[in-house]
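A.B. asks: Each chain, written out:
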Amino acid sequence: MASIFAVESGGNVYQSSGWLLENVWLIPLIPAISFALILFFGKKMPKGGSELGIVMIGASFLLAVLTAGQWIGQVNYADNHGTEQAHCFDFGDKHHGDDHGEDDGHAEDDDDGDDHSAAGLLLYPGETASAFFVEDGGDGNSSSPCPVISNTTWWSNGGQNFKVGTFVDGLTVTLLVVVTLVSLLVNIYSTDYVAGDRRYTHYFAFLSLFTASMLFFVVSENILQMIVGWELVGVCSFALIGHWWEEQPNSDAALKAFLTNRVGDMGLLIGMIILFFAAGETFSVFEINALANSGQISQNLLLIASLCLLAAVMSKSGQFILHTWLPDAMAGPTPVSALIHAATMVVAGIYMIARLYGVFFNGLSIGGSSINALALLGAVTCLAGAMLAFVQNDIKKVLAYSTISQLGYMALALGVGAWTAAVFHLMTHAFFKACLFLGAGSVAHSVHSFDMKESMGGMRKYMPHTYRTFLIGSLALMGLPPLAGFWSKDEILAGTGGWGLFGGTGGNGAYTFALIMGTLAAMMTAAYMTRVLYLTFFGEFRGAHHLHHDDHHEEEHADHGDGHGHDDHGHDAVPHESGPRIVVPLYILAFLALTTGFLNFPGGFQLVPKGWQLRFEHYVEPRSATEYFPKIAHATPSWTLAIVVTALVLCGAAASYLYYFKRVDAQGGTELVNGLTERNALAGWGHHALVNKYFLDHIYDSGPAQPASVATPAAGLWATAAGLGLGFTLGNGLDISMPWPIIWGGVAAVTIFLLVQSALLTGIGIASFVKKPMAYFINWFNKSVLDGVIDNTGKGAVAVADVVYHKIDQGVVDGAVNLAGAASSGAGGELRRMQTGKVQQYAALLFGGAAILAGILMFVI
Amino acid sequence: MFLWQFLLLSAILFCIGVYGVLARRNGVLVLMSIELILNAVNINFVAMGAFNGTAAGEVFALFVIAVAAAEVGIGLAIVLLIYRNRRSIDLHEVDLMKG
Numbered sequence: 000m001a002s003i004f005a006v007e008s009g010g011n012v013y014q015s016s017g018w019l020l021e022n023v024w025l026i027p028l029i030p031a032i033s034f035a036l037i038l039f040f041g042k043k044m045p046k047g048g049s050e051l052g053i054v055m056i057g058a059s060f061l062l063a064v065l066t067a068g069q070w071i072g073q074v075n076y077a078d079n080h081g082t083e084q085a086h087c088f089d090f091g092d093k094h095h096g097d098d099h100g101e102d103d104g105h106a107e108d109d110d111d112g113d114d115h116s117a118a119g120l121l122l123y124p125g126e127t128a129s130a131f132f133v134e135d136g137g138d139g140n141s142s143s144p145c146p147v148i149s150n151t152t153w154w155s156n157g158g159q160n161f162k163v164g165t166f167v168d169g170l171t172v173t174l175l176v177v178v179t180l181v182s183l184l185v186n187i188y189s190t191d192y193v194a195g196d197r198r199y200t201h202y203f204a205f206l207s208l209f210t211a212s213m214l215f216f217v218v219s220e221n222i223l224q225m226i227v228g229w230e231l232v233g234v235c236s237f238a239l240i241g242h243w244w245e246e247q248p249n250s251d252a253a254l255k256a257f258l259t260n261r262v263g264d265m266g267l268l269i270g271m272i273i274l275f276f277a278a279g280e281t282f283s284v285f286e287i288n289a290l291a292n293s294g295q296i297s298q299n300l301l302l303i304a305s306l307c308l309l310a311a312v313m314s315k316s317g318q319f320i321l322h323t324w325l326p327d328a329m330a331g332p333t334p335v336s337a338l339i340h341a342a343t344m345v346v347a348g349i350y351m352i353a354r355l356y357g358v359f360f361n362g363l364s365i366g367g368s369s370i371n372a373l374a375l376l377g378a379v380t381c382l383a384g385a386m387l388a389f390v391q392n393d394i395k396k397v398l399a400y401s402t403i404s405q406l407g408y409m410a411l412a413l414g415v416g417a418w419t420a421a422v423f424h425l426m427t428h429a430f431f432k433a434c435l436f437l438g439a440g441s442v443a444h445s446v447h448s449f450d451m452k453e454s455m456g457g458m459r460k461y462m463p464h465t466y467r468t469f470l471i472g473s474l475a476l477m478g479l480p481p482l483a484g485f486w487s488k489d490e491i492l493a494g495t496g497g498w499g500l501f502g503g504t505g506g507n508g509a510y511t512f513a514l515i516m517g518t519l520a521a522m523m524t525a526a527y528m529t530r531v532l533y534l535t536f537f538g539e540f541r542g543a544h545h546l547h548h549d550d551h552h553e554e555e556h557a558d559h560g561d562g563h564g565h566d567d568h569g570h571d572a573v574p575h576e577s578g579p580r581i582v583v584p585l586y587i588l589a590f591l592a593l594t595t596g597f598l599n600f601p602g603g604f605q606l607v608p609k610g611w612q613l614r615f616e617h618y619v620e621p622r623s624a625t626e627y628f629p630k631i632a633h634a635t636p637s638w639t640l641a642i643v644v645t646a647l648v649l650c651g652a653a654a655s656y657l658y659y660f661k662r663v664d665a666q667g668g669t670e671l672v673n674g675l676t677e678r679n680a681l682a683g684w685g686h687h688a689l690v691n692k693y694f695l696d697h698i699y700d701s702g703p704a705q706p707a708s709v710a711t712p713a714a715g716l717w718a719t720a721a722g723l724g725l726g727f728t729l730g731n732g733l734d735i736s737m738p739w740p741i742i743w744g745g746v747a748a749v750t751i752f753l754l755v756q757s758a759l760l761t762g763i764g765i766a767s768f769v770k771k772p773m774a775y776f777i778n779w780f781n782k783s784v785l786d787g788v789i790d791n792t793g794k795g796a797v798a799v800a801d802v803v804y805h806k807i808d809q810g811v812v813d814g815a816v817n818l819a820g821a822a823s824s825g826a827g828g829e830l831r832r833m834q835t836g837k838v839q840q841y842a843a844l845l846f847g848g849a850a851i852l853a854g855i856l857m858f859v860i
Numbered sequence: 000m001f002l003w004q005f006l007l008l009s010a011i012l013f014c015i016g017v018y019g020v021l022a023r024r025n026g027v028l029v030l031m032s033i034e035l036i037l038n039a040v041n042i043n044f045v046a047m048g049a050f051n052g053t054a055a056g057e058v059f060a061l062f063v064i065a066v067a068a069a070e071v072g073i074g075l076a077i078v079l080l081i082y083r084n085r086r087s088i089d090l091h092e093v094d095l096m097k098g
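Order-wise, the sequence lines are chains G and L.
Per numbering that gives the first Met the number 0, the very first residue in the first sequence carries number 0; after that it's consecutive.
Per numbering that gives the first Met the number 0, the very first residue in the second sequence carries number 0; after that it's consecutive.
By construction, these hints were calculated from the structure, which means they are not laboratory data.
The structure presented is a predicted model; accordingly, all values stated were derived computationally and were not measured.
Be a bit skeptical, because a hint or two may be false.
Said to hold, decoys possible - Some chain G residues close to chain L (C-beta under 10 Å, calculated; not the full set):
| hint | residue |
| --- | --- |
| 1 | Leu62 |
| 2 | Tyr656 |
| 3 | Arg831 |
| 4 | Gln834 |
| 5 | Thr835 |
| 6 | Val838 |
| 7 | Gln839 |
What the hints assert, rightly or not - Examples of chain G residues toward chain L, derived with CB under 8 Å:
| hint | residue |
| --- | --- |
| 8 | Lys661 |
| 9 | Gly836 |
| 10 | Ala843 |
| 11 | Phe846 |
Here a beta-carbon is modelled for each residue, glycine too, at the ideal position from N, C-alpha and C.
Extracted from the complex, chain L is given alone in its bound form (with noise of 0.2 Å):
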């Protein structure tokens, strides 16, 4: 079988995707690091779901999908928001729950 190489994409996948989480200062880019982690892990679904073949694994990669689109929106609007009223959206600069 070749589940580990899907397992070993999805890891890729999944590490750029935290690395552009934690590393990038641009709100959107984060945003999209996320969609990187979230179909990573759908690749793990869908590749495990077929190992051992059930159609679990595909509709919850689509359940993912649903969730990702519902999240990105509220995402895109909560920076949109954020850029309105600072004119940028550096993360480092949005620090106002600083204790």
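The following block holds chain G by itself, in its conformation from the complex (with noise of 0.2 Å):
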């Protein structure tokens, strides 16, 4: 492997412990091995491969901090020592596109006379381009450290050269980090919980594939690179989401969450290739980076590829309206679902778009623009995500619901252009949503059902250790100081800067309604937990009965090894503790989501020194001088707005508190009966379409008609949802003029209106019109054309092979054997006879030879 990727340090300068940035492949491959080895060899170890895992996932975590460590390093070094160099690499303006006006001063000197690539960034096979540093134009910090490149050929083609390398940054080593350290958890924590399972070995091999694709999309260098991780990652969920797939529901459920990733993965592709070639035939992200961000590209072509990703971000990372696999993958195991929520797969969408800001920032024109189509689409998955979770009796879909709502708010920080903050919370959120969900598997582990009101309540009794650290990882996503969700959400809303009202200023641009709807989800984020919180853990247990019950095959995942849980826990009528494998990472989770918001204070923040402000910051955003990074602008943090937003998330909670614990609590059920929901229509609708998911399923897909009551509201949700969205993005966003966005606001509004209501009222849903005539078309073709062939070509074997045998092997061939025989035998008998075993007569022979021999030598020649 290291021939391979053999990279030299040609000239530059960086610091002398920068080698495991450089040989950072080492990190996805070591769960890749892994994989092949527990996959071989898992059955025969003692422990069915799961201590393989374990050991190589903790090797690469460690070599994952040791890279942070390098990386801070670097940083550091960068700090001390001044600017080197102007620029990350030499950057040529032989870049071939004819709309780039403008020149911005980049390398004028670059003529070493090499033309190999359109746009003349200089980085071939085995050349690393290491950190050299870059003045700091922007914001008066000293200087930044290059990210580092290695990268070697795949292949070539055409005169192509395929790239594969790695692309090292301060984003890079965070995600490194939290997918090295979740995925190390979630096996240790898996050990314990699919313990006895029948394909115990099977999960292990896919856990760590899962963990070396993610980590293969994290390093990619370039784009095409980033899809083949993308892809990968997405086929390893497809496999862990459907590991029980015996259950009809399950295999749905993965088959859902794979399709549904291919509706984004047509935006995915396209949105690529518009880059390759906008960016002058290449994939490297660095060259697409600097060009986009340097206005080589123009914008147009930037904001259709970035509205071709978001496609694929919708739909891996669980964007309204492509989320709806993500709560139907809770079928998986629930590690797994920690492991997909946290680490390995619904961030890919927001790295993407972290990854390849510089399109991105200027695609959408996200610099003082005041809307753009990330930041809406944003705002409106964390309303609507926080909105779903409060009607969920499934513990995992509330937890599935609010990762929808966080990724939202992700989403939302990039559209505000609050890059940090977006991968701030990342990372927070990882640690605390990890935490949530080892903990819901926790308890359904002990009562082998993740429904809270048939079979949980009071378990703070019974599991005191997972009701703790339940309880902090639930306060970190409410974002209640000090835990770490309040900094990372904090920062968010700070960057949305569109807030007059608080005092505070900077940010890119006056995004109001970001504001306004982050800080109403952060409410009813605080809420809906608190329900969980109620229901899961306090009041009456309510699974007695269940336990002692032989009807809970569906949702109990012990079943599914060799029934050890009946043995475990079928003759007590308590739940009780989970052991140390699964309290150990729960609490190693819990103490991350106290502390990691630490890591982030904000800037000016007068309670701690000046020296621990804003370290994260500092460490992973690359300062707007390299190339590859837009100028982003900063928000100042205010007082104001983290007050008056606590002070309304604690509203929140508080209402969901005084209704739970003091009116339902007195009541000692789950729910009122002849609640606001019964008693007024418009509530009782909003329910219904909540539970029902706003129709998303129906419209999508084929289901029980809905009564003209139901859908008619429905469709003028959606039409009015559309209209406003479509128009909004075209007058605000696109600044088009004026009559244009209302008329196509309404356009689109009608058009959803028909669609939705027709869909609703038929049963019929937009799928069924390709799904059934497909089907059909794919059943007559099978039959008549496919079986046809296969069936005359079977017949025609026969009648061939009739001839063949006959005639030819009969015939032919066996003749032709028997006729070599028979000469051959004929032949013997004769010569025989010239044997006589007379030497003289040989010698006879060979004089008389050797006299014709002479003679022909003599006379002929």
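If you follow the hints, you should be able to join the two separate chains into one complex; please do so.
C.D. replies: Rendered as structure tokens:
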């Protein structure tokens, strides 16, 4: 391997301890090897291969931490040593694009006679363009290390070198550490959780592959590699969501996850192809970002590319309206859900935006605007997801919708230009969401169900450790100080910058709507998490009857194994705490949920020394002079904003607390009967819409037909949303002159109204229009064409074989063989007479022959 | 030059040798006839060598003599064994390889 990735540091200035930064490919390689080893040898190992997975991913984690340390060293080195170089890489102006009017002064002196690629960033196979430092023009910081890029040619075709390599900067090492850490803890947790499963080894093999895929995606040096990693992650999620595929809903969920992601993947491919050609036929992440930032790619191209990529983000990162696979993906084992939600799957979309931020920032005109598609998408997602989380009875589904909502937060943050806040939230969310998922899994492990209303309640008494860690995770998710979620959420809200009302300044634009919707979502988050806490851990235990019954097979994971669950739990009426392999990861994650927020105290935060402020931003955010990162503005944090939002969050929690802990608990129930939803028609309809998940599944796929009283308002809701969304995006985001946004918004609204109404009334979803004819066609094609071809081929083959046997085999082949035998037999009979055994006769023949030869030599030649 | 006299001598010797090999029934005499043939060749070598003024002919003749010595050693050993087994060295009786 080392020879393939041979790197040399050709004369670049960088710190001595940069070996890991250049050889970061080791980190994805180790879990990939682990996958192969577990698959081939796991069954023969004493612990079924799980020990191998833990050790290998542990090693990967260790390397990731060391890499992060080296990166921190790089940044410190750059702080202490001034500028060495004006730009990270020689940046030629040979870009063939015809629409870049301005030259911003990059690299006029680049004439070393090389013109192998249209955009002249000089990165060759085996060459490491490693960190030297650039002067920071913008915000007064001294200097910033360049990303460490190592690459080598994967293959060449048609004069185009397809590279594979690594791209290491602060964002990369953050993801490396988060992914490997969460994966390690999930591996440890799983040894208990799926103990006795019939595909135990297979499960751990895929956990390793899942981790390897995500790490491969994270270190991608070019967008082609990103696509490969992206798809690998999708395949692994398919395999793990459908881990218990014997049951129809599970394999359906796996298929749904995979196919929904395929929808977005179309956008991914188209967007990436646009970027490839727009940047002068290069896949390099650095070059694409740099060209986008320097204005050498036209803004329209960037806009189209980023909208296409947004489709991919919508499917992969569960953004509204392609989020529907995510709650269904809860069919997989709980540790897998934790992994998907915290580290390896859904953050891929967010990571891609952060990685290609030059494209998105410039394409969507994030700076100086007040609305754009990404921010709108994120804001809608975080609200819509939070609302759906209220009506779920399945604890994992609440957490799934919560993830959707939090991913919306991250998208919102990226949409308003709060890049660091988004990445920071990605990290803190990974820890507290993994903690929550694993906690939910711990409870479910004990009561054999995920249904909060049927089989939980009062778990606080039985599972004190799970309760404590889950409480910490919940508070972090709600965003209460001083837990991790507070700091990242506050940074996002401050970053929206759209708030004359709190006296703050800064940000990239006035995204007032994002601030309002984000705050609302934060309130709702507090409320639904209070609900979860009540239903799961408070009140009376409602699952006692459940443990004695035999009819809990559907939801019980232990049944998938060898039934050890019955032996462990079947005879006692009370659930008990999970074992150390479950509890210890919970405590580690809870500790991280408590403390990771301290990594990034806001700038100017008076309670801590200046040296502690903005550490995360300092080490992770590429400063603006590195060409691949756009010049973003940083918002000034505000005490007012933090206090007001925290107060609102407490209001949300308090409302939920009063409802559940006071009123509901007094009645000894799980919800109030004869509540608002029964008394008020509008509230009832809203509840109905939420329970049916905004009818999205009905619209996509066929289901029971809905009455007009349901269909018409739902269609109206969707039409309004579509019309307003499109209208605002066109008018405000794209600055299209006035009548057209209204006209297009109206057209969209009417179309969506008719579409949704007909879909709901008939019970035939949009997909059915495609699905059924396609199924019929494929069936017809299969029966008449394929089967006909196969039948006739078979018959023809029989006839041909008949002829071949009788004529060719029996006649020609056998005849030839017989003839050869008879001929040699006859020839032998004749020739044996020459063999007299008399030496002198042979000698006579010899001399006669010699004489003849002599005669020929003399007279003929 | 008188090369042709040597060639004639060698040709006569060769013919005598061939006759001996083909016509005699006694194994030992056959071997001796082979010696005649070889020596006819030797004469040719030496004569040609002298004629061309090189020593190569004589060198080859020496080789032939050495090989002939080895050959006749093996040949006599075979004849001796045949005699021990059959009490005769008549080549017409030695036809076990008859097909």
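A.B. asks: Does each hint fit the structure? Answer for all of them.
C.D. replies: Hints, verified against the model:
1. Leu62: Check failed: Cβ of Leu62 of chain G comes no nearer than 76 Å to chain L, outside 10 Å.
2. Tyr656: Given a least distance of 114 Å, the restraint on Tyr656 of chain G is violated.
3. Arg831: holds, 4 Å
4. Gln834: Constraint on Gln834 of chain G satisfied, holds at 3 Å.
5. Thr835: holds, 6 Å
6. Val838: Val838 of chain G check passes; min Cβ-Cβ to chain L is 6 Å, inside 10 Å.
7. Gln839: holds, 5 Å
8. Lys661: violated, 119 Å
9. Gly836: At about 3 Å, which falls below the 8 Å cut-off, the nearest Cβ of chain L leaves the hint on Gly836 of chain G intact, so it holds.
10. Ala843: holds, 5 Å
11. Phe846: Holds, about 6 Å.
Hint compliance for this structure: hints 1, 2 and 8 are not met, and every other hint is.
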